[in-house]
Amino acid sequence: MYGNATLWSSGSGFKLLMGSGTNLIVQSRQKKEPEFYKLKVSGNSSCLATDFTDHSAVNFSNSISQYPTVRYSGKDYQNYYSKFAYVDENDCPEKDNCAGSSSQSGDDIEKDEKINFLSLGLFWLRILFLKTVVFNVLVTFKAWMS
Numbered sequence: 001m002y003g004n005a006t007l008w009s010s011g012s013g014f015k016l017l018m019g020s021g022t023n024l025i026v027q028s029r030q031k032k033e034p035e036f037y038k039l040k041v042s043g044n045s046s047c048l049a050t051d052f053t054d055h056s057a058v059n060f061s062n063s064i065s066q067y068p069t070v071r072y073s074g075k076d077y078q079n080y081y082s083k084f085a086y087v088d089e090n091d092c093p094e095k096d097n098c099a100g101s102s103s104q105s106g107d108d109i110e111k112d113e114k115i116n117f118l119s120l121g122l123f124w125l126r127i128l129f130l131k132t133v134v135f136n137v138l139v140t141f142k143a144w145m146s
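Take the sequence shown: its letter number 124 is residue 124 in the working numbering, and every next letter is one higher.
For the record, the hints were derived by calculation from the structure and aren't laboratory data. One or more of the hints may lead you astray.
[Unchecked claim] In silico SDA-like links for lysine to any residue, alpha-carbon gap of 20 Å or less:
hint	residue 1	residue 2
1	Lys38	Asn79
2	Lys38	Glu94
3	Lys31	Thr69
Please work from the sequences and hints to get the whole structure.
Written out as structure tokens, the structure reads:
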């Protein structure tokens, strides 16, 4: 935007002018409830609320320490907020570990044949490259000797 731009004009002559350094943020009217995650590390419990649209939707009343609500940056996530607080173990609405997290054991990891095949192909390409380098070095030494 160059200079001042008229954003709104009524018939009475009142205008809302925005300069080049002004940002206009239009908030979404759709409401999304927060997703809560309980995090426990060595006896300390904390609660993370993410992906909610109302700035004042989350308030940890019995928190030990609480951080302000923050807004995501970026084009796709600019309408969502997040909040973090250190709370007692029973004060977070999420009852278990993170709902979206995977289990700690590696048993549920699926093996992908395509990735394994590509990894094997990359391994053989590295071997071929190494053999080429060794061959070039040997031929170079032989040329120097004669």
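inquiry  = For each hint given before, does the structure comply? Return the numbers of the non-compliant ones in rising order.
reply    = 1
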